Amino acid sequence: MNAKSKILSKLVKSRVLREAYIRSKVSVLLPSQIRSLRLRRGWTQGQLAEKADMKQARISTLEKIGESSFSIETLIRLAASFGAGLAVQFVPMSEMLDWENSFEPDSFNVPSIENDEAFCSPEGVRIATSTVDAPYRPFYPAIPAASGALFEVRECASNLTPISHASIDQFSVVEG
Amino acid sequence: MFFHSTLKDASKRLDHREWPSYRHKMEGRAGNEGIHEMGFKVQGRQYRLLFKFDGEKQAVILCGCYHKVNIWTPRNAPNTAADRAKALRLGKAKRHEREIEDTF
Chain A
8 MNAKSKILSK LVKSRVLREA YIRSKVSVLL PSQIRSLRLR RGWTQGQLAE KADMKQARIS
68 TLEKIGESSF SIETLIRLAA SFGAGLAVQF VPMSEMLDWE NSFEPDSFNV PSIENDEAFC
128 SPEGVRIATS TVDAPYRPFY PAIPAASGAL FEVRECASNL TPISHASIDQ FSVVEG
Chain B
2 MFFHSTLKDA SKRLDHREWP SYRHKMEGRA GNEGIHEMGF KVQGRQYRLL FKFDGEKQAV
62 ILCGCYHKVN IWTPRNAPNT AADRAKALRL GKAKRHEREI EDTF
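Chains as they are written, first to last, in the working numbering: chain A, 8 to 183; chain B, 2 to 105.
I should point out that these hints are in silico values taken from the structure, not numbers from a laboratory.
Predicted, not measured: the structure shown is a model, and the values here were computed from it.
Yeah, the Cβ is synthetic: ideal placement off N, Cα and C, and Gly gets one too.
Among the hints, a few may not be true.
[Unchecked claim] Covered by chain A, according to a simulated footprint, are these stretches of chain B (three or more residues, beta-carbon under 8 Å):
#1 18-25
#2 38-48
[To be verified] With the Cβ distance kept under 10 Å, some of the chain B side facing chain A (calculated, not the full set):
#3 3
#4 4
#5 6
#6 9
#7 10
#8 13
#9 14
Between the sequences and the hints, there should be enough to build the whole structure, so can you do that?
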């Protein structure tokens, strides 16, 4: 059994070790990510502080390993300032190991929302603007008219107009 | 575990000024020997590593210690690091290379 296997088996057995592992990695990799994102954007700590409505000293602390206990609220504010999203999720330990091992701080970057390809593509723009500028339009799933469907809706200009329906006798409400 | 995680993160960055753990180049005698300081905090305790660059992408850790405000524990840590750096420079000390223990 090699050293890595020994440690992995300890990790399986010991909750305390797992806790220490998670704590050390989060404490190192969160400041590392914040620092990388700030530097990739060419911002000073003061500039990030201004965008996140924090003090520069606070940003300095957040970028140092083990100096700060991160609250979700702080992470949200930083993510919003970077124009990035934030995914806080529980994952299998193996996934965390892979992520931590493959994390490359020098190449780590998250595009801001202005440079996010999904938001820049034609579809993306349509999606983005329809939620902001266009009036609310309910979504109807495509229901085939045939095979006894109750009704069909089709998009017609800016309205969703029902163009056919079954007889009222067939209408029913399902109460749950 | 923090120690290895910190070193691992630092080893992945080309520019030491981007290390989250990097503090500054030291002043005084230690500074003259080219010693830098890196550190991390665990459970409220400030851990420090005094090191110098020695060759391309090589850093030699000379001394580990605690540091709070202006108090070093052990008190002579910067001098110890300077002595060791000098011994290394004069060829009176050898480097012991180890792989960074990737925690897992």
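Quick rundown of the hints versus the structure:
1. 18-25: holds (count 3)
2. 38-48: Result for this restraint: holds, n = 4.
3. 3: Cβ of residue 3 of chain B sits 5 Å from chain A, so the hint holds.
4. 4: Status holds, d = 9 Å.
5. 6: Holds, because the Cβ-Cβ distance from residue 6 of chain B to chain A comes to roughly 4 Å (cut-off 10 Å).
6. 9: Holds, about 8 Å.
7. 10: holds, 5 Å
8. 13: At 5 Å from the nearest chain A Cβ, residue 13 of chain B passes the 10 Å test, so the hint holds.
9. 14: Since the shortest Cβ distance to chain A is 5 Å, the answer is holds.
In terms of the numbered hints stated before, the structure departs from none.
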